[in-house]
Amino acid sequence: MFAAIHGAPGDAEKLLRLAQEFSPRVEQTAADTVALDAEGLERIHGLPQQIAAAIARRAADCGLKAGVAIAANLDAAVYAARGFAGVNVIPYGDETKYLGSLPLTLLDTTPEMLETLDRWGIRRFRDLAALPELGLAERLGPEGLRLHKLASGAGGRPLAPVEEPLHFAEDVELEYPVELLDPLLFVLSRMLSSLRASLAARGLAAIELRLRLKLERGGEHARTLRFPVPMLDTKAFLKLLQLDLSAHPPPAPVVRVWLAAEHAKPRAAQTGLFIPIAPEPEKLELTLARLRALVGEGNVGSPELLDTHRPGAFQMLPRPLASSPGRPLARSLPLRAIRPTRTARVQMASGQPVHVQAEGVRGHVVASAGPWRTSGDWWTSDPWARDEWDVALSDGALYRIYSEQGRWFVEGSYD
Amino acid sequence: MAAVALGRDFEFRVRLPEICPTGVAEVDAAAGGLPQGCLTEIYGPASSGRTSLMLAALAHATCRDEVCALVDASDAFDPASAAAAGVRLERLLWVRCGGNAEHALKAADLLVQGGGFGMVVMDLADTPMITARRISLTSWFRLRRAVEHTPTVLLVLEQQPLAKTCASLLLEMRREKAAWSGMPGCAHLLRGIRVRAERHKPVPAVAASFASRW
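If you read the sequences in order, they're chains E and L.
Quick note on numbering: the first sequence equals residues 143 to 557 in our numbering.
Quick note on numbering: the second sequence equals residues 47 to 260 in our numbering.
Hints may be right or wrong, so weigh each one.
[What the hints assert, rightly or not] Dumping the calculated EDC-like pairs for lysine to aspartate or glutamate here, alpha-carbon to alpha-carbon at most 20 Å:
1. E:381 / L:155
2. E:425 / L:111
3. E:425 / L:136
4. L:152 / E:439
5. E:425 / L:194
6. L:152 / E:386
7. E:407 / E:305
[As the list claims (entries may be wrong)] Which bits of chain E does chain L cover? Going by a derived footprint, with three or more residues having C-beta under 8 Å, they are:
8. 449–458
9. 536–542
[Stated by the list, open to error] Here are some of the chain E residues that sit facing chain L, going by a computed Cβ distance under 7 Å:
10. 425
11. 441
12. 445
13. 462
14. 509
15. 532
FYI, nobody ran anything at the bench for these hints, they're computed from the structure.
Note that the structure is a prediction, hence the values are computed from the model and not measured.
For each residue, glycine too, the CB sits at the ideal point set by N, CA and C.
Can you build the whole structure from these sequences, using the hints too?
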């Protein structure tokens, strides 16, 4: 049993909401018409007439001027709601008789088809329903047969329900304010299990977790965990939340927890014999979170060189990225950086450094090369200009030293 | 008779580890490369080519599209030098420990346990020996056990050997001479360093020389 509601074209949203009050399975057939699956409503409202009357009453309460029809099949209900005003209930088996007086212009077909039928003198549903199916199929093809079924009230298409936007969220009001992390994790574990079950039931995974903690003395503490790939592992979620909350604890006891998941389709990956080894994204995320908890937020990641000549300029990306294989370059003489650079005392003779002394670095200069004068960013508020020297000290090690604004520094050693 | 047959059936076989190239042909030819699933120590004084060898190995591994990790105990890694050596930085995870050797050890353990890395390098080359010697043999044993039966190469850079029996390959680096060009005071340039790598373990000891140059 299906019900259809026909209103003004501008009320599409209201019509949809009205239909959803009666059934979770609702189809928006047109801008001015919605259909709903009325199966089971008789237990709440009684006879089909009473169901239709209840829908009409609720429409009137919402300020909608709507026609309501109930029929055994979806198309018959829709055409009855569109064609007749007020409340209509089409008894099972009487669809052809009931819809007979409706004009063919209500049918969803091409203007050419309607013109052809009009030329034949076929203008009402009953005229089309009276035509023999075989002859109609020979002259109008499958579309003619489809229209014949609709005009006879014998359409049997299933309802195509509107997909509601999915929300995966859990909300828990705590009985008493929670100060420690462990009891909070106990609550979060239960919420995560529930979220995971909801996501798994729909074949989805989480790409982001949003946690909001309502604090005892007002205000909220919000944290968001974004994953590189969709995940569906409660243990991993809980560990990531634990590490994040340990690094960023709420400033006051928590009285309410709200946890939501942004859903995404699960990752489909196929392994191969010749694919180079790489950490599983889920495991890598967990490892990165543990490393961040150990050495600090900005100390873990993949380095990226910045587009500047400033020495030692780089930034950290959150995690290694996929790239295409390349070829190693020729060997080069690498520098081991000393961070922060150490202040040095350098003795000069004839414009050449002869002795270097800094923390952990001390010796006579055996050989040196320089100065290499570099500068940059003079057009910004943070310019740099320095004279670099490569020096071999009496201890056998090679260092890069530089002077900037009259002061000497050891930048690193060549190794 | 049955015992003899059983002994023959259960013949004990040592499974040799897979070898990864170091990226330095001279070292590969002499020492054979870096064994997977084993702990390798590269040690030597400053400017002895430890970092050159490590970057060459990382460059080779990242160019095979493997994800590698560098646990940098004293924050000495220079991304520009690594990029110049051919390391694909986007395939490298860099963990900066700010001088804390204990954090470096824990980070290396986490990375090896996490799995999936082609090479994990723990750089203790600038860690003071007094601190480095405090790392217990148990910790090294734990690392060795964690990396065993995995395709990961675990590389440790240091000033002196620390892991004792836990290391499967021991490479000592020595500087031979720095190469300069031009005349002192006039167009004098540091061209590179000539270094020597000596394999002390497994025996027999072998050696190879190579140059790191601009």
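Status of the hints after comparison with the structure:
Of the supplied pair hints, the one linking residue 381 (chain E) and residue 155 (chain L) holds, its CA atoms being roughly 18 Å apart against a limit of 20 Å. Taking the CA atoms of residue 425 (chain E) and residue 111 (chain L), the gap is about 18 Å. The hint holds against a cut of 20 Å. About 18 Å separates the Cα atoms of residue 425 (chain E) and residue 136 (chain L), which keeps this hinted pair within 20 Å; it holds. Only pairs whose Cα atoms come within 20 Å are accepted, and residue 152 (chain L) paired with residue 439 (chain E) is accepted, the gap being roughly 16 Å.
About 19 Å separates the Cα atoms of residue 425 (chain E) and residue 194 (chain L), which keeps this hinted pair within 20 Å; it holds. Proximity of residue 152 (chain L) to residue 386 (chain E) is assessed by CA-CA distance (about 19 Å); at most 20 Å being required, the pair is judged to hold. The straight-line distance between the Cα atoms of residue 407 (chain E) and residue 305 (chain E) is roughly 16 Å, inside the 20 Å bound, and the hint therefore holds. A stretch counts as covered by a chain when three or more of its residues have a beta carbon under 8 Å from one of that chain; for the segment 449–458 of chain E and chain L the count is 4, and the coverage holds.
A count of 4 residues in the segment 536–542 of chain E with a Cβ less than 8 Å from any Cβ of chain L is obtained; the coverage claim is therefore met, three being the minimum. Using the Cβ-Cβ criterion of 7 Å, the hint placing residue 425 (chain E) at the interface with chain L is satisfied: the shortest such distance is roughly 5 Å. At about 4 Å, the closest approach between the beta carbon of residue 441 (chain E) and any beta carbon in chain L falls short of 7 Å, and the interface hint on this residue holds. Because the smallest distance between the Cβ of residue 445 (chain E) and any Cβ of chain L comes to about 4 Å, under 7 Å, the interface hint for this residue holds.
Satisfaction of the interface hint for residue 462 (chain E) is found here, the shortest Cβ-Cβ separation to chain L being roughly 5 Å, below the 7 Å cut-off. A cut of 7 Å between beta carbons decides the hint on residue 509 (chain E): the least distance to chain L is about 6 Å, and the hint holds. Against a cut-off of 7 Å between C-beta atoms, the interface hint on residue 532 (chain E) holds, since the closest Cβ of chain L lies about 4 Å away.
Of the numbered hints stated above, none is contradicted by the structure.
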